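*Asks:* Read off the chains here:
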Amino acid sequence: MSVPKSLRPPLRLKVLSNGFLTLWCIIAAFPIVWITIMSFKTPFDAFSANPLNVILGPDTLNKVDGLSLAEIAVGIALAWLLVLTARNWLPRQVVHYTPPGMIGFGWLVAALVFGIVTLILYMSVLPGVMGFVNPLLGPLGHDVLGLTTEHYQAVWVDRNFTRNFGNSMLVTAGVVAISLTIGTLAGYGLARSGTDLAFWLLIIALIFRALPHSVLVAGYLPVFIKSSEILRPIMGDAAPTLYGQPWAVIVVLVSINQPFTIWMLRSFFHNIPAELDEAARVDGCSHFQAFRRVIMPVMWPGVITAGLFSFLLAYNDFLVTSLLLDGQNMTMVPAIAGMFNRETTASDEVQAIAAAVSITAPLFVLVLVFQRQIVSGLTAGAVKG
Amino acid sequence: MRFKTFLAFVGPSLFLMLIFIAAPLVTVFWNSFHITQPVYERVEVETCTPGFLAPTCTTSVVQQPQLDDEGKVITETTFVGLESYRNVLEPDRFFRAVENWDWNTVNNIRFWKALRFTLVFTLLTMPMVVGVGLLIAIVVNGTVQSIKGPVIFISLLPFIITPVIGALAIRWLFIGDGILTQAMEGWLQRDIALFAQGWTIEILMYVYRVWHVAPFAFVVFYAGLQTVNQDTLESAIIDGASRFQRLRYVIIPHLMPLIVFVMLIHLMDAYRVFEEVIGFSSQAHVISLQWLTYDFLMPDEAGTRAISRASASAMLTMVGIIVLLVIPLRRAWRDQRGTAK
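As given, the protein sequences belong to chains E and Z, one line each in that order.
At position 171 of the first sequence (counting the first as 1) the number is 171 in the working numbering, and the numbers step up by one without a gap.
Just add 385 to the spot in the second sequence (first one is 1) and you have the working numbering.
It is possible that some hints are incorrect.
What the hints assert, rightly or not - Estimated spans, in silico, between C-beta atoms of each pair:
| # | chain 1 | residue 1 | chain 2 | residue 2 | range |
| --- | --- | --- | --- | --- | --- |
| 1 | E | Val125 | Z | Leu618 | 52 to 60 angstroms |
| 2 | Z | Ser531 | E | Val133 | 28 to 36 angstroms |
| 3 | Z | Asp477 | E | Asp326 | 32 to 40 angstroms |
Claimed, not checked - Over the 12 angstroms line for every Cβ pair with chain Z, so calculated as not near, a few chain E residues:
| # | residue |
| --- | --- |
| 4 | Ile72 |
| 5 | Ala79 |
| 6 | Val94 |
| 7 | Tyr97 |
| 8 | Thr98 |
| 9 | Leu119 |
| 10 | Leu145 |
Treat the hints as calculated values from the structure; they're not laboratory data.
Note that the coordinates shown come from a computational prediction; the quantities given were computed from them, not determined experimentally.
Note that the Cβ used here is the ideal one computed from N, Cα and C, for glycine as well.
Could you build the full structure based on these sequences and the hints that come with them?
*Replies:* What follows is the structure, given as structure tokens:
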């Protein structure tokens, strides 16, 4: 589309706005990029006063290991390839290979496989291949950039971060699955009912959404700790102590997330024309049959978006999980925050940075793959609230 | 849709919200007026220390928790009225301090300190988030098509990052001799310790929050900009409106519902400020209302949790957000009514 000449911005404004845009992109990305760089260096380099030392890592190069120019070039090319795959090839394959109605599950598998393949490529294939190629390349094969993965090893192997990761995955998967099942039904019901009751439910849900989570946790905690005594008269000796149980946390997070989920899904269902299920009803379907046969096949974009936000809530939560789970079942975020309460050495600090980068990496991939859905989810509530 | 079908669809969600949102509020309300404590009994204890000729023995009366047959501590729950609220609010100290215009004392009472920070935080970051978000949206809207996608991708990163981790990332850049502190020291030629006093930490928290939430505002406003009526814009140009006037009189009014929406969401989220306190470990200097409740709920050295005080502070937190929400909610209510009928 060509812009009329009178609408084109003057040069000064153009320079100014491009400058601002560059500045914003640097500000947005810098903290994340920087801690990623720090996580690959020895503490001496990571906390060096000279930014060049942090990037190039001379101390790391001396003491541990480094990368040659050739390795860097291949690594960047590979990263670019992976990004392209994730954005173009992967979505097509997922749509092609998953049976209709299972698309959410298909994405989950695809994301998992993609993550594992990336890890294998960078952790073993690339170093293995380049170990052979480097000596043949002369000056290009000399190590110039200090880089070490020892902090990642320390975090994941020695500190048993895998267990925290497993707990996080358990909680997150549970929250997404239950939250979507219940939320879709409620969202559909609310979107198709124009009664006063539906309206009041939405207003109450909005008030619930505003409640700080600590208010609710203050209500759960004493009950959860004593739950086996409270439930004994009803359930006998099988009465569980809810405190420290991942599934109790899943239910809590699902409930906390319900107001947001039903608002978002309601607005998605609002955009699906009501004539569609009315036609099905005329053909003799009940409301549930109409929902299952007509609405379910077309609702996936909205459900994926709502699922993404449920995922974020569960994955990013600190307050609920740190108060309702004990040490053994701890998820990743409280575990990282807990790394600071002890006497920390510089090495511990870099390990915490490595853990922080590890927890951010899946989110990075998530934005990469689902950028469009996230944007549509952010605007869904706004366009027609 | 019949009422029964509607209930079948909404039922599970409603049930969960009743059990896990409405019911806890009742528990919190009840707990805030009651205290559960172990029952203590007075026991005479004779302690003997070896001494010359005969051991020296002293008897003393100690308080110790009473145990039941299974060896568990017996607890009793008593109604204490407003006692817990008094413990949290410390009204005597507060009013005395207010009468004397003694700001330091007010700031030493944890609840008022947290309330002051939470309110200032909410009200200060709101215009910043809206402003920065709007600016990015307008600039991105004006650039070439090909870089819009990558810019949106980069902008989403601060929004999607785990809040505690995001705060930690900012902290690592600034703490001690962090890389940005070094840069500022080199620029200003003086020693800077950003985590040594309250106000610098607070500024970092504002910066972090704007960095974290501005992308959300940006994406919402950017979507709104796509639907600006081009005819109106053109007629504004024909009428000789300058660039700024077009922004002020055409674009901003068009975006107004979205600005209200972003402000409402931000009000709810900023009032919940909590992760910053954890990420920056700032509890010695800056605390928020959510953090106060969290701190009461965490077990202290003896392993007890101040449930009653936590409930009182939770109730007060809730009253705060309801007061803040009354005006925007009444507005949303009227709008909804308008469209529903």
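*Asks:* Confirm or reject: E/Ala79 is not an interface residue toward chain Z, with every Cβ-Cβ distance exceeding 12 angstroms.
*Replies:* The assertion about E/Ala79 holds, with a minimum of 14 angstroms to chain Z.
*Asks:* The output says E/Val94 does not contact chain Z. Does that hold with a beta carbon cutoff of 12 angstroms?
*Replies:* holds (20 angstroms)
*Asks:* Between the beta carbons of Z/Ser531 and E/Val133, is the distance compatible with 28 to 36 angstroms?
*Replies:* Between Z/Ser531 and E/Val133, where Cβ atoms are some 35 angstroms apart, the hint holds.
*Asks:* For E/Thr98, is the shortest beta carbon distance to chain Z beyond 12 angstroms?
*Replies:* holds (24 angstroms)
*Asks:* Starting from the range 52 to 60 angstroms, see whether the pair E/Val125 and Z/Leu618 falls in it by beta-carbon distance.
*Replies:* holds (54 angstroms)
*Asks:* Hey, does E/Leu145 actually stay past 12 angstroms from chain Z on C-beta?
*Replies:* holds (18 angstroms)
*Asks:* Classify the label on E/Ile72 as holds or violated, using whether its beta-carbon is more than 12 angstroms from each beta-carbon of chain Z.
*Replies:* Fine: 21 angstroms to the nearest Cβ keeps E/Ile72 off the interface.
*Asks:* E/Tyr97: least C-beta distance to chain Z exceeds 12 angstroms?
*Replies:* holds (26 angstroms)
*Asks:* Holds or violated: 32 to 40 angstroms for the Cβ distance of Z/Asp477 and E/Asp326?
*Replies:* holds (38 angstroms)
*Asks:* Confirm or reject: E/Leu119 is not an interface residue toward chain Z, with every Cβ-Cβ distance exceeding 12 angstroms.
*Replies:* holds (20 angstroms)
In terms of the numbered hints stated before, the structure departs from none.
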